[in-house]
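Please construct the entire structure, taking both the sequences and the accompanying hints into account.
Sequence order for the protein chains is R, W and S. The first sequence: position 6 = 955 (this note's numbering), numbered continuously. The second sequence: position 105 = 146 (this note's numbering), numbered continuously. The third sequence: position 282 = 419 (this note's numbering), numbered continuously.
Read the hints as simulated data drawn from the structure, not as lab findings. In this text, a Cβ means the ideal position worked out from N, Cα and C, and glycines have one as well.
Computed beta-carbon distance windows for the label pairs:
hint	chain 1	residue 1	chain 2	residue 2	range
1	W	205	S	834	18 to 28 Å
2	W	209	S	848	39 to 49 Å
3	R	1008	S	848	19 to 29 Å
4	S	798	W	138	55 to 65 Å
5	S	834	W	177	33 to 43 Å
6	W	138	R	1008	37 to 47 Å
7	W	101	S	848	32 to 42 Å
8	S	834	W	145	15 to 25 Å
9	W	138	S	848	16 to 26 Å
10	W	170	S	848	31 to 41 Å
From the derived model, a few chain S residues whose C-beta atoms are all more than 12 Å from chain W:
hint	residue
11	205
12	307
13	661
14	823
Taking beta-carbon pairs under 7 Å as the criterion, some of the chain W residues facing chain S (in silico):
hint	residue
15	146
16	147
17	150
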Amino acid sequence: MIPLYWWLIVAAALFCIGLYAVLSRKNAIAVLMGIELMLNAVNLNLVAFWRYITPQALTGQVFAIFVITVAAAEAAVGLAIFISVYRMHGSINVEKLDTMRW
Amino acid sequence: MPADQIVRYIVFLILTVMTLGGALGVVVSRNLFHSALFLVLSFAGVVGYYVLLDAGFLAAVQLLIYIGAIAILILFAVMLTRGLMDKRQSQHNQQWLIAALVALLIFVVLAVVLWQVEWPVASEQALASPNVSVSQLGQELLGPYVIPFEVASVLLLVALIGAVILARETES
Amino acid sequence: MDFFFNLAPLAILVPLLMFAAIILFTHPNNRLSSSLAIGGIAFSTIISWGIVLATILSGEHIWEETWQISIPWLPAGTSVLWIGLEVDSLTAAMLFMVPFVCMLIFIYSQGYMNLGKPNQDPRYSRFFAYISLFAAGMIGLVLSGSLLLLFIFWELMGLCSYLLIGFWSFRDRDTEDHIDEAQVKRARAAALKAFLTTRIGDVLLFSGMVLLWAYTGTLNFSEIFQPEVLEHLAEITIWGLPAATVIALLVFGGAVGKSAQFPLHVWLPDAMEGPTPVSALIHAATMVAAGVYLVARTYPLFVAGSVAGDGSVLAVVAVIGAITAFFGATIGLAQNDIKRVLAYSTISQLGYMMMALGIGAYVAAVFHLLTHAFFKALLFLGSGSVIHGVEHGHHEIAHHSDHHGDDDFNPNDMKTMGGLRHRMPRTFWTYIIGTLALVGWLPFAGFWSKDEILGEAFHLWREGGTFSLPLWVWLAGTLGALITALYMGRQIGLVFWGEPRHGAAEHAHESPHSMTTPLIVLAIFAVIGGLANLPSNVPLVGGELHHFIGEVHEVSEVVHSEALALNAIVAGLSTVLAVGGLIFGWAIYRNYRVGEVEPFQRWLGPVFTLLKNKYYVDELYRAVFIRPTVWLADISFRFDTGVIDYLVNLVGRVTRVVADFGGVFDAKVIDSTLVDGTGKVTNSFGGWLRQTQTGRVQNYVLVIAVTVLLLLGLYLYL
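This is the structure we're talking about:
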C-alpha cells in the first residue's frame, strides 16, 4: 500500500499552492479558488487519516462531508459578495479594496 | 510487490501530477478562465484520490459538488466580472515573491515533519477491510452527527438566502 | 424633692446661654443684654435656692446618698473620663451664696456701668456677657461632681477673670479721648499677671489630677473618697512620700494660686484694675473662694495625705494660711487705694479660711467663706459706689471749670476723699455695716465666723502642746484681727469722716438705687449671716451649719465637725481688739489733712515703707523670676535672629540654588528630552507602525502565514 505520508505530503503541497494563491493573486475569484484548493487539501488529509488510521470508523468521511458543505456555502456567499462588490467598484481587485486601512 | 499495488502507485503518480499540476495551473495562469479550468482538473485529481482511498461516496460528492457546482459557479462568476481579464496585466500583487517563499517554506517544514513522524497506522488486516458502507455513513450522519448535520442544513439555507440578497440588483 | 436637683444643670446652662446670646445676638442693645444677664442669673438663683431647700428638707438622708448625674465624656483606653454633677450639703451651702451674690452684683453693675447715661461704658453688653460666663463657671464649679469638670470650670473662671481684669485695656475709637493711656497699660499688665500667676497654681492642680488619675483611674469625688481608694493612695509612695500627700499638696498648689495665698498672692491687688463689680464678684466673693472650696471639697484627700504623711499636708495648709492672714493684713495698713486695702483684706481673710482648713475646722472655713462673701462683696460694692460718686464729682468740677481738671486725679485714692458720710448716706451706712462685719464686732456675721476659727485654734492649742501649731495659728489670727480693725478704721476715717480733701469728693453724689439696693440687701446678710452657725451653746439655733455640712466628710481625729461652745476668752479678746483697733484707727485718721505725714507712717517709720511696698515681694519676683526670664528671652531672641534665622535663610538660599538647578534640569532634560522625546518617539513609531495597517487582506494573511511558520519553527526546533 502507498505509505500514509505520501498522501500527507501531497495534501501539504496542495495546501501550500492554495495558500500561495490566496496570498498573491489579485483577482478575488482566484483567491477564492486558492481557498477551495486548501479545503481540498484538508479533505484529502481527513480521508487519508480515515483510511490508514481508523478504517473501521466513518468519522473522517463525515468530517469531510461537513467540510464540503461549508465549502459550498462559502463559495456561494463569497461569489455573491464578489458580484456585489463588482457592481459597486467595477472591479474585484483585492488590492483596491483597502478602505479599512489607517 | 503484487501487480495491483504497482498499478496503485502508477495511478497515484498520475493523479498527483493531475492534482498538483492543475493546482499550479490555477495559481500561475494569467487567464482567469484558464485558472477555473485548471481548478476543475485539480478537483478531478482529488476525485481520483478518493477512489484510490476506497471512499467512493466522497468521490461522488466531490465530483458533484466541486466539479458540478462550485467550479461551474466560479466559471459563472468569472464571466460576470470581467475587470481583470486583461492578459497583459499581471495577475499577481507585489508580495507574490515573499508569498511563494513562505508557502514553500511551510511546505518544506510540513513535508519534513510528515515524513519523520511515526504514524500510528492501523493493523494490516484492518487496513485490508475498511468500512466503506454508504448506508452506515448515512446512519452515522443521522445518528451521532445529527446536530451538526442539521446545523449544516441551516447553514446552507442561510448561505442560499444570503447569496441571493447580496447578489441581487439593488434599486437605487 | 428631686425636681430641683434635676434642674441643677440649668443653673449652669442658663447663664451660659445668656453669655452666648449676648455675645452673638443682643449686644447692640445694651438694656436687653443686661436684662438677659440678670434674668439668667435670677433663674439660676431660684433653682439654686430650690436645691438648697430640697437639701435642707432631705435632712440626714443627703449624707448617705448624694444626688449625682454623670455622663461618659471621653473614653480613654480601657477607662472612661466621666463628667457629672453632684449635690451634697457642702454644694448646697455654696449654692445659697454664689448665684445670689452674683445676681446682686449684676444688678449693681447696671448702675455702675452707667446704663443709659452719656458716659455709659462702650463695651457695656460685653461686660454682662463676661460676667454671665463667669457666673456659669462658678456655679458649675460648685456643682461639679468630678475633679475634671471642676477643673474645666476653674479654668473658665480664670479666663473670665483675665478678660474682666483687662476690661478697660480696650480702647474704643469713638471714646479714645476719655480713656487714660496709663490705665490701659496697667489693665493689660494686671490681666496678664493674674493669668500667669494663677497658671502656676493651675499647673500644680493639673499635675495632681494627672497623678490621681494615674493611681486611681477616676476623678469622680464620690469614687476618690471611698475609704479603700484613699488607703490605696496612702500606701503608694512617690519620691518617698505617700501618693495622697503629694496629690493633696499639688491640689493645694492650685488653691494657693486661685485663692491668692502667699506666695502667689501678688496678682490679686493688681486685679483691682478691673471694674469694681468685678473686684467684688470675682476677686472677693466667689472666684477666690473657689480655692478654699476646692480644699474643702477634696478634704478627705488632705486628711488621708496628712495621716499618711505625719500631718504634713494640713500643717502646710495651716502655715500658709496663717502667714497669708497676718501678712495680707499688715500690707493693708499702708495702702492708699481704697480697693487695694480691700484686696489685701481679702487675701488676709482667705488666709483665715485656709488656716481653719489646716487645723481641721473645715466647717468654720466654709462658714467664714460664706459670711465673708457677703460682707466683702458689700465692701467692694460700697467702695465702687464711693469711687463712682467721686468720679461724678470730678466730672462735675471738670465741667464747671471748663477744663479737664488735673489729669492724674485718681478716684481710688483715699487721701483725696473725706467727709463722704453726709454726701453718700446709704453707701456710708452699708459700708459701716460691712466694716463692722469684717472687723468682727458682735453681733455681725464676721464676728461669729472669725471667732469660730480662732476658737477652734485656741481649743486645739489647749488640747495640744504649748508650742504646737494651733498656738501660732491662733496668734496669727488674733493679731490679724487687730490689724484688720486698724486698717478698716483708717479707711473709714479717711473716706467718710473729716473734710473733703479734693473738689471731687466735695461734689460727690449718692449713687443710683440700682447700686445702693444691692448694698442694702448685702448689708442685711452681713448683719444676720452669723445666724447660720452660732456657737453650740446658743439654744435652738446653735451650730446649724455644723449639722448641715458637718458630716459631708468622714469625721476623724484630725477633722472637727462638732460645733464648739463660745469661748469667753477668745471671743472677749478678739472683741476687745476689734473694737479698740477700729476706734483707734478711726480716731487718728478722721481728721487727717492733705500733705500731713500719716500717723502710722510717723510711728512705724521704715516698717511702714516696707508695708507700703508690700514687703517688696513684687520686686523680689521681678529680680528672681521676671528679670532672668526676660534675660533668657532676650538671649533666645538673639540666638533666634543670629543663629536660627541665619540657618533658615541659609537653608532657603541653598534650596533656591538647588531649585534653580532643578529648574534648568527640568526644562532641558526632563521636559525637552524625556517628556517631549517620549512623545516624539511614540509619534514617529506610531507613524511608522500604522503603515502596517494597509487595509489589504492579503498582507494580513501573509503576516499570519509568516507567524505560523515561525511558530512551527519554534515548536519543532526549540
